[in-house]
Amino acid sequence: MARLLHYAAHPAPSSSQANRAMLRVVRGLEGITQVDLYAEYPRYDIDIAEEQARLLAHDVIVLQFPLFWYSCPALVKEWLDLVWEHGFAYGQGGDKLKGKTLLLAVTTGGPQEAYSAEGYQHFELRTFLTPFEQTARLAQMRFLAPYVFHGALKRDPAAHALGFGTLLGALRDERLDLRAAETTDILTHDTLPLIGIN
Amino acid sequence: MSDFLLLAFLFLAAGVAAVPIATALGLGSVLGYLIAGIALSPVLTLLEVDVVSIQHFAEFGVVMMLFLVGQELEPKRLWELRNRLLGLGGLQVAGTTALVAGACIVFGLDWRISLAIGLILAMSSTAIVLQTLGEKGLMRGDGGQASFSVLLFQDIAVIPILALVPLLAIPGAHHAGEDGHGPSMSLVADIEGWQAALVTAGAIALVIAGGMFLTRPLFRYIAKARLREIFVATALAFVVGIALLMTLVGLSPALGTFLAGVVLANSEYRHELESDIDPFRGLLLGLFFMTVGAAINFALLWDELFLILGLTIAVMAAKALVLLILGFGFGLRGSQKYLFGLGLAQAGEFGFVLTSFAVSNFVLPETMAPTLNLIITLSMMLTPGLFIFYERVIRPRFDRPTDRDDDEITEQHPIIIAGHGRYGGIVNRMLLAAGYRTTVLDHSAGQLDMLRTFGINGFYGDATRPDLLTAAGIGEAKLLIVALDDPDQNEAMVHYVHHNHPHVHMIVRAHDRRHVYRLYQAGARDIIRETFDSSVRAGRSAYEALGMHPFEAERLSRAFVDADRHALYELAQVWDPAIPETENPEYIKLARELMTDIELGASGGAFRERTERGWTPPLPQDTEADRQRQTGQRAADPR
Ligand SMILES: Cc1cc2nc3c(=O)[nH]c(=O)nc-3n(C[C@H](O)[C@H](O)[C@H](O)COP(=O)(O)O)c2cc1C
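Protein chains in written order, with my numbering: chain X, 1350 to 1547; chain D, 500 to 1138.
Treat each hint with caution, since some may be false.
Residues from chain D shown here face chain X by an in silico Cβ test under 10 Å; the list is partial [stated by the list, open to error]:
| id | residue |
| --- | --- |
| 1 | Ala764 |
| 2 | Phe827 |
| 3 | Asp984 |
| 4 | Asp987 |
| 5 | Arg1039 |
| 6 | Met1047 |
| 7 | Pro1049 |
| 8 | Phe1050 |
| 9 | Glu1053 |
| 10 | Gly1113 |
| 11 | Thr1115 |
| 12 | Pro1117 |
| 13 | Leu1118 |
| 14 | Pro1119 |
Honestly, the hints are just simulated from the structure, not real lab data.
Ideal Cβ positions, reconstructed from N, Cα and C, are used throughout, including at glycine.
Please model the entire structure based on the sequences and the hints provided.
Below you can see the structure in the form of structure tokens.
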């Protein structure tokens, strides 16, 4: 059993479709820790000590958020800036996250085709997410391919949300092929590399 | 009775006439008083007034001044001053005495007479110097502090000098046992030396212990009566009582009250005492300076004008020389050593005392006294001129940016909190937590007691009284928190401070919306309603309790605050103190519009729009249109 810590961050939960559906599924899972970042810190008063203790107590960290201007919502950035300190996540003595796993779960308004050199977003989604990838690398963490829901404004999120539940369950139960999840480009609900299923 | 009234009127009127003119001309109040005294002297001679006895009475102003000076000086600071006190003060008295006495011996005077004259002229004028330093804001600089140390030492030194002088009596002369000045009653006159020492030490211990343990309960008890004049009476009785006790054991009353002041420096009643005593100090000192002016013996002066003027200047030059050497030796910086050297170059009121004492003990020939007194008086008269010389000529030369007196001590804190209740108390705690120093004023003795148990220093008094605000340092304050319980008092205070100390930033506790308008009209700009923020938080908690997401609850309550503040501002424009709101049609109309906007926000309006804007993604049909446009652009793009 891996100890799994799931963060969800959405500043306008009442108008959310995709992220809300995902969160509902996650809340039905047993044996994981779930944190709604905007509910926990509505005034951005992030408790650094508490957050670091939380990170220390878990093996797999999942960050779920909608893509806003090719990045994360502001509070996620604030959380990273404050919690992933020098001496904790990186630098001298900053090996507290070493060996842990980081997974992003991202929803985007743009459709999959748009995220390519030919598409109107001009770049691969993974290119936009390189800051997170490098953050994980600097913290000596394992960075998995992000679990992505493209075209979030037009598609029914139900299958994606259920797949998210399966993904987190597999991570918790160590039934996800991490090597495969590390090397692939993105994860979707129908391409999960689960062990013992292929 | 009418004699007394006539005299009182004469002195008061002379002071009122001369002092404002002198200060307007930049001469300082002391010179103004001295000139008033000179102008009065013919009238006083005509009325056969005993100027000298008035002067003895007025000397009590010095005693009061030392009490106030003591209050500014915490025991810790006094201890820090000890080296200067003994070093500078001791060397000044010894050096000046030696120099003056030596000169006298050279001119053929008996060594005993010479020594007595040296001691007499070594004293400087506490009254003139402290008054002038305080008035010109020079007290806190290095030179001011050094001057203070010397004056304090001289004040202490008078006691052993009084003991020494009788020993200098010319052999053969009779001891009259009567002096015009010494204590008429004494607890220590007829007892053994060691017993006297014991009584004296006991008296000092009594003053210190009384100041530490008795004053607080006493003043608290008096404060409960809430009668201003009784508090003033207590304060006066306190100072007079200590002076009396000191005189009885043969100590300087100024020293005693100074000690009492130091003991009370940390007391919560300090500012109240200061504002109560200060007017008396000012009046008495003024009277004292006038008597100095009035006591000039013009007949003698004209007779021997050049001799006396020459002697006066010689004495002052000798004193200044000794002081300057000490100033260099003790490392006073820049212009400060000249302030020290010139400021203390006069002889002082203790000189009068010592002269008459020495004459009555047959140390000095009686014929010498008028000349000495004249020299002392003239040197005092010249002192304001020396201060002006320092300010206009010497200081500008040193006033290069690098030479600034950067070691000035700010004894008065730049933050005043008026009212340490539920509102001001929290502000104070926040300021202290951030490392700021505050001066707290409160009229509840109970509240102050509680503060003390938490180690917070507060001062007793009615904060709306201008003189108390002044004593608390409103003149130098940066920030004033107006947080009294009574809305009307807050308003009065805002009004007063806005008009008299416009530089002070005020943060004001408002009772409600209407009070905000009144405070605004009184000149407040930083107004904070006392329960508004907590009510908003309660509303936000209610949102959350009803299942609203905490971040949305936060945003909605912020939008509410914005809308409310907007409404408050708009309504302030039409609010009219003369018309009750319910009868002000314009106000009612606007209030109705604004309130509907907020309270019925759910069904539309500006409030709702503000909260709904934010992280709204485009609608599906919009994204489709966007996509087509963007792919179209790309196709047209030659790259
Ligand atoms: C402020 C803002 C910025 C956005 N920026 C992007 C973007 O850069 N790329 C993109 O594909 N979608 C973008 N979107 C669309 C969001 O990604 C989309 O609304 C979200 O993933 C839908 O998830 P939800 O239903 O949980 O809110 C943005 C939306 C908002 C509100």
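If you take the shortest Cβ to Cβ gap from Leu1118 of chain D to chain X, is it below 10 Å? The hint holds - Leu1118 of chain D has a Cβ within 10 Å of chain X, the shortest such distance being about 8 Å.
Classify the hint on Glu1053 of chain D as holds or violated, based on whether any CB of chain X lies nearer than 10 Å to its CB. holds, 4 Å
Interface hint outcome for Gly1113 of chain D [beta carbon to chain X under 10 Å]: Since chain X brings a Cβ to about 6 Å from Gly1113 of chain D, closer than 10 Å, the hint holds.
Hint status (Cβ of Phe1050 of chain D to nearest Cβ of chain X, threshold 10 Å): Status holds, d = 4 Å.
Classify the hint on Phe827 of chain D as holds or violated, based on whether any CB of chain X lies nearer than 10 Å to its CB. violated, 53 Å
Status of the hint placing Asp984 of chain D at chain X (closest C-beta pair under 10 Å): violated, 30 Å
Return the status of the interface hint for Pro1119 of chain D: holds when the least beta-carbon distance to chain X is below 10 Å, violated otherwise. Because about 5 Å separates Pro1119 of chain D from the closest Cβ in chain X, which is inside the 10 Å limit, the hint holds.
Does the interface hint hold: is Thr1115 of chain D within less than 10 Å of chain X, judged Cβ to Cβ? holds, 7 Å
Hold the hint about Ala764 of chain D up to the distance rule: shortest CB distance to chain X must be less than 10 Å. violated, 41 Å
Chain X contact restraint on Pro1117 of chain D - CB to CB distance below 10 Å: Pro1117 of chain D check passes; min Cβ-Cβ to chain X is 7 Å, inside 10 Å.
With a cut-off of 10 Å on the beta carbons, see whether Asp987 of chain D makes it to chain X. violated, 36 Å
Report holds or violated for the interface hint on Arg1039 of chain D, using the least CB-CB distance to chain X and a cut-off of 10 Å. holds, 9 Å
Of the numbered hints stated above, those contradicted by the structure are hints 1, 2, 3, 4, listed in ascending order.
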